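Residue numbers -17 to 317, in the numbering used here, belong to the letters of the sequence shown in order.
Some hints here could point you the wrong way.
Label pairs and their calculated CB-CB ranges [unchecked claim]:
no.: 1; residue 1: GLU(-8); residue 2: ARG144; range: 18 to 26 Å
no.: 2; residue 1: ASN232; residue 2: GLU184; range: 24 to 32 Å
no.: 3; residue 1: PRO299; residue 2: SER(-4); range: 37 to 45 Å
Note that these hints are calculated values from the structure, not bench results. Since this is a predicted model, take the numbers as computed values, not measurements. For glycine and all other residues, C-beta sits at the position ideal for the given N, C-alpha and C.
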Amino acid sequence: MTVEVIESKEIWDSFVNKLQPHTFLQSWNWGQFNLNSGNKIWRLGLFENNTLLEVALIIKVEARRGSFLFCPHGPISTNTSPNSLSVLTDYLKNLGKSENVSFIRFSPLNILTEENQKLFKNLGFRDAPIHMHSELVWMLDVTPSEEELLANMRKTTRYSIRKAISEGVEVISCSNLSLIDDFYSIYLKTVGRHNFVPFSKEYIQKEFEAFSQGNQALFFFGKLGPEILSASMVIYTNGSGFYHHGASINSKVPVTYLSQWEAIKEAKRRGCRYYNFWGISPESNPNHPWAGLTMFKQGFGGFSEEYIHAQDMILSPKYWLTYGIEKLRKAQRGL
(Lines of atoms letter the chains of each structure in order from A and count residues from 1; the text may use other names and numbers.)
(Lines give C-alpha, C1' and ligand atoms only; values in the text may rest on other atoms or scores of the structure.)
Protein backbone atom coordinates (compact mmCIF):
# COMPACT_ATOMS: atom_id res chain seq x y z
CA MET A 1 0.00 0.00 0.00
CA THR A 2 1.16 3.52 -0.79
CA VAL A 3 -0.03 6.96 0.30
CA GLU A 4 -0.23 9.65 -2.36
CA VAL A 5 -1.48 13.22 -2.48
CA ILE A 6 -4.68 13.54 -4.55
CA GLU A 7 -4.80 16.70 -6.68
CA SER A 8 -7.97 15.92 -8.63
CA LYS A 9 -11.32 17.12 -7.29
CA GLU A 10 -13.06 14.69 -9.63
CA ILE A 11 -11.16 11.67 -8.27
CA TRP A 12 -11.75 12.77 -4.66
CA ASP A 13 -15.45 13.49 -5.05
CA SER A 14 -16.20 10.33 -7.04
CA PHE A 15 -14.62 8.19 -4.30
CA VAL A 16 -16.12 10.01 -1.30
CA ASN A 17 -19.59 10.31 -2.77
CA LYS A 18 -20.05 6.57 -3.28
CA LEU A 19 -19.31 5.76 0.37
CA GLN A 20 -21.60 5.97 3.38
CA PRO A 21 -21.42 7.22 5.96
CA HIS A 22 -19.47 10.40 5.47
CA THR A 23 -19.97 14.04 6.31
CA PHE A 24 -19.01 17.30 4.67
CA LEU A 25 -15.88 17.37 6.87
CA GLN A 26 -14.13 15.05 4.39
CA SER A 27 -15.47 16.82 1.30
CA TRP A 28 -13.27 18.61 -1.21
CA ASN A 29 -15.03 21.86 -0.30
CA TRP A 30 -14.16 21.53 3.41
CA GLY A 31 -10.54 21.29 2.35
CA GLN A 32 -10.99 24.38 0.18
CA PHE A 33 -12.57 26.23 3.11
CA ASN A 34 -9.52 25.42 5.24
CA LEU A 35 -7.16 26.54 2.49
CA ASN A 36 -9.08 29.81 2.20
CA SER A 37 -8.73 30.20 5.96
CA GLY A 38 -4.95 29.96 5.76
CA ASN A 39 -4.55 26.35 6.96
CA LYS A 40 -2.22 23.83 5.35
CA ILE A 41 -4.03 20.73 4.12
CA TRP A 42 -3.19 17.40 2.52
CA ARG A 43 -5.71 15.34 0.56
CA LEU A 44 -4.28 11.85 0.89
CA GLY A 45 -5.20 8.65 -0.88
CA LEU A 46 -4.22 5.11 0.08
CA PHE A 47 -3.63 2.98 -3.01
CA GLU A 48 -3.01 -0.72 -3.61
CA ASN A 49 -2.21 -1.94 -7.13
CA ASN A 50 -3.30 1.49 -8.46
CA THR A 51 -6.72 1.10 -6.80
CA LEU A 52 -7.86 3.82 -4.41
CA LEU A 53 -8.95 2.24 -1.12
CA GLU A 54 -9.08 5.12 1.35
CA VAL A 55 -8.93 8.92 1.53
CA ALA A 56 -8.13 11.29 4.37
CA LEU A 57 -8.31 15.06 4.46
CA ILE A 58 -5.58 16.21 6.83
CA ILE A 59 -5.51 19.73 8.28
CA LYS A 60 -2.62 21.30 10.13
CA VAL A 61 -4.08 23.05 13.17
CA GLU A 62 -1.82 25.74 14.56
CA ALA A 63 -3.00 26.97 17.93
CA ARG A 64 -1.41 28.56 20.97
CA ARG A 65 -1.98 25.32 22.87
CA GLY A 66 0.09 23.43 20.29
CA SER A 67 0.12 22.39 16.63
CA PHE A 68 -1.20 19.06 15.37
CA LEU A 69 -2.36 17.20 12.28
CA PHE A 70 -6.12 16.65 12.28
CA CYS A 71 -8.34 14.30 10.28
CA PRO A 72 -12.00 15.30 10.79
CA HIS A 73 -14.54 12.49 10.38
CA GLY A 74 -12.03 10.36 8.56
CA PRO A 75 -10.39 8.47 7.08
CA ILE A 76 -13.06 7.31 4.65
CA SER A 77 -12.56 3.83 3.30
CA THR A 78 -14.21 1.00 1.45
CA ASN A 79 -13.21 -1.05 4.50
CA THR A 80 -10.88 0.47 7.10
CA SER A 81 -8.50 -2.27 8.21
CA PRO A 82 -5.68 -2.37 10.77
CA ASN A 83 -3.22 -2.54 7.89
CA SER A 84 -4.56 0.48 6.00
CA LEU A 85 -4.80 2.57 9.16
CA SER A 86 -1.25 1.56 10.09
CA VAL A 87 0.11 2.63 6.70
CA LEU A 88 -1.69 5.97 6.90
CA THR A 89 -0.54 6.54 10.49
CA ASP A 90 3.10 5.85 9.59
CA TYR A 91 2.85 8.37 6.76
CA LEU A 92 1.35 10.96 9.10
CA LYS A 93 4.05 10.36 11.73
CA ASN A 94 6.69 11.32 9.18
CA LEU A 95 4.63 14.26 7.96
CA GLY A 96 4.05 15.39 11.53
CA LYS A 97 7.76 15.39 12.32
CA SER A 98 8.54 17.44 9.20
CA GLU A 99 5.76 19.88 10.11
CA ASN A 100 6.98 20.06 13.73
CA VAL A 101 3.64 19.12 15.32
CA SER A 102 3.27 17.44 18.68
CA PHE A 103 0.53 14.93 17.82
CA ILE A 104 -1.89 13.49 15.27
CA ARG A 105 -5.63 13.54 15.97
CA PHE A 106 -8.38 11.56 14.26
CA SER A 107 -12.08 12.22 14.81
CA PRO A 108 -13.23 9.02 13.10
CA LEU A 109 -16.65 8.43 11.65
CA ASN A 110 -16.57 4.85 12.92
CA ILE A 111 -19.59 3.65 14.89
CA LEU A 112 -18.78 3.18 18.57
CA THR A 113 -17.94 -0.52 18.92
CA GLU A 114 -15.19 -2.36 20.77
CA GLU A 115 -13.78 -3.58 17.45
CA ASN A 116 -13.54 -0.06 16.03
CA GLN A 117 -11.90 1.22 19.20
CA LYS A 118 -9.29 -1.54 18.98
CA LEU A 119 -8.39 -0.39 15.44
CA PHE A 120 -6.83 2.70 16.98
CA LYS A 121 -5.77 1.42 20.41
CA ASN A 122 -3.71 -1.39 18.87
CA LEU A 123 -1.68 1.20 16.95
CA GLY A 124 -0.89 3.22 20.07
CA PHE A 125 -3.61 5.88 19.92
CA ARG A 126 -5.13 7.24 23.13
CA ASP A 127 -8.43 9.02 23.81
CA ALA A 128 -8.22 12.77 23.20
CA PRO A 129 -9.09 14.99 26.18
CA ILE A 130 -11.91 16.64 24.19
CA HIS A 131 -14.05 15.98 21.14
CA MET A 132 -13.40 18.07 18.02
CA HIS A 133 -16.67 17.51 16.19
CA SER A 134 -19.94 15.94 17.24
CA GLU A 135 -19.54 12.30 18.29
CA LEU A 136 -23.20 11.76 19.12
CA VAL A 137 -25.54 13.03 16.40
CA TRP A 138 -29.26 12.99 15.69
CA MET A 139 -30.38 11.94 12.21
CA LEU A 140 -33.67 11.75 10.36
CA ASP A 141 -34.48 9.55 7.38
CA VAL A 142 -36.27 11.97 5.05
CA THR A 143 -37.32 9.43 2.41
CA PRO A 144 -40.88 8.98 3.80
CA SER A 145 -43.61 11.36 2.61
CA GLU A 146 -44.07 14.74 4.27
CA GLU A 147 -47.26 13.42 5.87
CA GLU A 148 -45.39 10.46 7.36
CA LEU A 149 -42.57 12.69 8.61
CA LEU A 150 -45.07 14.95 10.34
CA ALA A 151 -46.87 11.97 11.86
CA ASN A 152 -43.59 10.63 13.28
CA MET A 153 -42.75 13.88 15.04
CA ARG A 154 -43.35 14.56 18.70
CA LYS A 155 -46.86 15.96 19.09
CA THR A 156 -45.62 19.29 20.45
CA THR A 157 -43.18 19.68 17.53
CA ARG A 158 -45.95 19.09 14.99
CA TYR A 159 -48.16 21.58 16.86
CA SER A 160 -45.36 24.19 16.93
CA ILE A 161 -44.88 23.96 13.15
CA ARG A 162 -48.59 24.48 12.55
CA LYS A 163 -48.73 27.30 15.08
CA ALA A 164 -45.88 29.14 13.36
CA ILE A 165 -47.69 28.83 10.03
CA SER A 166 -50.99 30.06 11.50
CA GLU A 167 -49.27 33.06 13.11
CA GLY A 168 -47.85 34.18 9.78
CA VAL A 169 -44.22 33.08 10.06
CA GLU A 170 -42.38 33.12 6.75
CA VAL A 171 -39.21 31.12 6.12
CA ILE A 172 -36.94 32.32 3.34
CA SER A 173 -33.81 30.62 2.02
CA CYS A 174 -30.80 32.47 0.71
CA SER A 175 -28.00 31.06 -1.44
CA ASN A 176 -25.69 34.09 -1.22
CA LEU A 177 -24.09 36.30 1.43
CA SER A 178 -26.47 39.25 1.10
CA LEU A 179 -27.93 38.56 4.56
CA ILE A 180 -24.71 37.52 6.35
CA ASP A 181 -24.93 40.56 8.66
CA ASP A 182 -28.45 39.55 9.71
CA PHE A 183 -27.29 36.00 10.37
CA TYR A 184 -24.33 37.07 12.46
CA SER A 185 -26.32 39.59 14.47
CA ILE A 186 -28.74 36.87 15.61
CA TYR A 187 -25.85 34.45 16.08
CA LEU A 188 -24.12 36.79 18.54
CA LYS A 189 -27.36 37.21 20.51
CA THR A 190 -27.55 33.43 20.79
CA VAL A 191 -23.94 33.31 21.98
CA GLY A 192 -24.74 35.83 24.70
CA ARG A 193 -27.76 33.81 25.82
CA HIS A 194 -26.08 30.39 25.88
CA ASN A 195 -22.50 31.41 26.66
CA PHE A 196 -20.60 29.35 24.06
CA VAL A 197 -17.47 30.25 22.11
CA PRO A 198 -18.57 31.76 18.77
CA PHE A 199 -17.11 31.33 15.32
CA SER A 200 -16.00 34.58 13.73
CA LYS A 201 -18.07 36.20 11.02
CA GLU A 202 -15.19 35.61 8.62
CA TYR A 203 -15.19 31.88 9.48
CA ILE A 204 -18.91 31.49 8.75
CA GLN A 205 -18.63 33.58 5.60
CA LYS A 206 -15.74 31.53 4.19
CA GLU A 207 -17.48 28.25 5.05
CA PHE A 208 -20.63 29.37 3.26
CA GLU A 209 -18.65 30.57 0.23
CA ALA A 210 -16.83 27.23 -0.08
CA PHE A 211 -20.08 25.26 -0.26
CA SER A 212 -22.48 27.71 -1.90
CA GLN A 213 -20.39 27.77 -5.09
CA GLY A 214 -21.52 24.22 -5.69
CA ASN A 215 -25.10 24.96 -4.57
CA GLN A 216 -24.43 23.02 -1.38
CA ALA A 217 -25.24 25.64 1.28
CA LEU A 218 -28.29 27.68 2.20
CA PHE A 219 -29.17 30.18 4.89
CA PHE A 220 -32.69 29.83 6.29
CA PHE A 221 -34.30 32.84 7.96
CA GLY A 222 -37.54 32.70 9.95
CA LYS A 223 -39.41 35.98 9.80
CA LEU A 224 -42.48 37.39 11.50
CA GLY A 225 -43.36 40.46 9.51
CA PRO A 226 -40.12 42.36 8.79
CA GLU A 227 -38.30 40.96 11.84
CA ILE A 228 -35.92 38.02 11.49
CA LEU A 229 -36.26 35.77 14.55
CA SER A 230 -34.20 32.74 13.56
CA ALA A 231 -31.32 31.90 11.23
CA SER A 232 -29.51 28.72 10.28
CA MET A 233 -26.92 27.45 7.83
CA VAL A 234 -27.53 24.04 6.29
CA ILE A 235 -25.03 22.20 4.10
CA TYR A 236 -26.34 19.69 1.54
CA THR A 237 -23.79 17.16 0.29
CA ASN A 238 -24.29 13.83 -1.43
CA GLY A 239 -27.40 12.44 0.13
CA SER A 240 -27.54 14.38 3.41
CA GLY A 241 -28.42 17.78 4.77
CA PHE A 242 -26.42 19.03 7.76
CA TYR A 243 -27.74 21.59 10.24
CA HIS A 244 -24.36 23.14 11.01
CA HIS A 245 -25.04 26.59 12.45
CA GLY A 246 -28.17 27.91 14.10
CA ALA A 247 -29.29 31.04 15.94
CA SER A 248 -32.52 32.54 17.21
CA ILE A 249 -34.05 35.35 19.20
CA ASN A 250 -36.21 34.50 22.21
CA SER A 251 -39.80 34.56 21.04
CA LYS A 252 -43.15 33.05 21.98
CA VAL A 253 -43.66 32.29 18.29
CA PRO A 254 -42.09 28.88 17.42
CA VAL A 255 -40.18 30.17 14.41
CA THR A 256 -37.29 27.70 14.70
CA TYR A 257 -39.62 24.71 14.29
CA LEU A 258 -40.95 25.90 10.95
CA SER A 259 -37.45 26.88 9.81
CA GLN A 260 -36.17 23.35 10.50
CA TRP A 261 -39.14 21.84 8.73
CA GLU A 262 -38.42 23.91 5.62
CA ALA A 263 -34.74 22.81 5.72
CA ILE A 264 -35.88 19.18 5.98
CA LYS A 265 -38.23 19.59 3.02
CA GLU A 266 -35.37 21.11 1.02
CA ALA A 267 -33.34 17.99 1.77
CA LYS A 268 -36.20 15.92 0.33
CA ARG A 269 -36.37 18.11 -2.79
CA ARG A 270 -32.66 17.56 -3.34
CA GLY A 271 -33.07 13.80 -3.14
CA CYS A 272 -31.26 13.43 0.18
CA ARG A 273 -31.80 10.37 2.31
CA TYR A 274 -30.86 11.91 5.66
CA TYR A 275 -31.11 15.18 7.52
CA ASN A 276 -28.37 15.41 10.13
CA PHE A 277 -29.19 17.67 13.07
CA TRP A 278 -25.53 17.41 14.19
CA GLY A 279 -24.62 17.15 17.86
CA ILE A 280 -26.83 16.15 20.78
CA SER A 281 -26.15 15.54 24.46
CA PRO A 282 -26.02 12.07 26.04
CA GLU A 283 -29.08 10.84 27.93
CA SER A 284 -26.84 10.16 30.91
CA ASN A 285 -26.22 13.89 31.41
CA PRO A 286 -29.53 15.79 31.78
CA ASN A 287 -27.61 18.91 32.90
CA HIS A 288 -25.50 19.04 29.75
CA PRO A 289 -25.40 22.51 28.10
CA TRP A 290 -27.01 21.00 24.98
CA ALA A 291 -29.91 19.30 26.81
CA GLY A 292 -32.55 21.81 25.66
CA LEU A 293 -31.27 21.86 22.08
CA THR A 294 -31.25 18.05 22.10
CA MET A 295 -34.91 17.91 23.08
CA PHE A 296 -35.71 20.32 20.24
CA LYS A 297 -33.88 18.21 17.65
CA GLN A 298 -35.31 14.89 18.81
CA GLY A 299 -38.82 16.23 18.52
CA PHE A 300 -38.61 15.89 14.72
CA GLY A 301 -38.22 12.11 14.98
CA GLY A 302 -35.20 10.12 13.94
CA PHE A 303 -32.39 8.19 15.55
CA SER A 304 -28.98 8.72 17.11
CA GLU A 305 -25.56 7.62 15.90
CA GLU A 306 -22.53 7.52 18.17
CA TYR A 307 -18.97 7.49 16.87
CA ILE A 308 -15.80 6.52 18.66
CA HIS A 309 -14.10 9.29 20.59
CA ALA A 310 -11.34 11.42 19.04
CA GLN A 311 -8.02 9.59 19.04
CA ASP A 312 -4.55 11.06 19.57
CA MET A 313 -1.13 9.76 18.53
CA ILE A 314 1.59 11.46 20.56
CA LEU A 315 4.66 12.64 18.63
CA SER A 316 6.27 14.93 21.21
CA PRO A 317 6.21 15.59 24.98
CA LYS A 318 4.72 18.98 24.08
CA TYR A 319 1.45 17.08 23.66
CA TRP A 320 0.91 17.11 27.41
CA LEU A 321 0.65 20.90 27.45
CA THR A 322 -2.21 20.68 24.97
CA TYR A 323 -3.71 17.83 26.95
CA GLY A 324 -3.80 19.88 30.16
CA ILE A 325 -5.28 22.97 28.50
CA GLU A 326 -7.99 20.97 26.75
CA LYS A 327 -8.94 19.07 29.93
CA LEU A 328 -9.37 22.40 31.71
CA ARG A 329 -11.50 23.86 28.91
CA LYS A 330 -13.72 20.80 28.90
CA ALA A 331 -14.36 21.16 32.64
CA GLN A 332 -15.06 24.90 32.29
CA ARG A 333 -17.66 24.28 29.59
CA GLY A 334 -19.43 21.58 31.58
CA LEU A 335 -19.03 19.00 28.82
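Going back to the hint list, which numbers does this structure go against? 1
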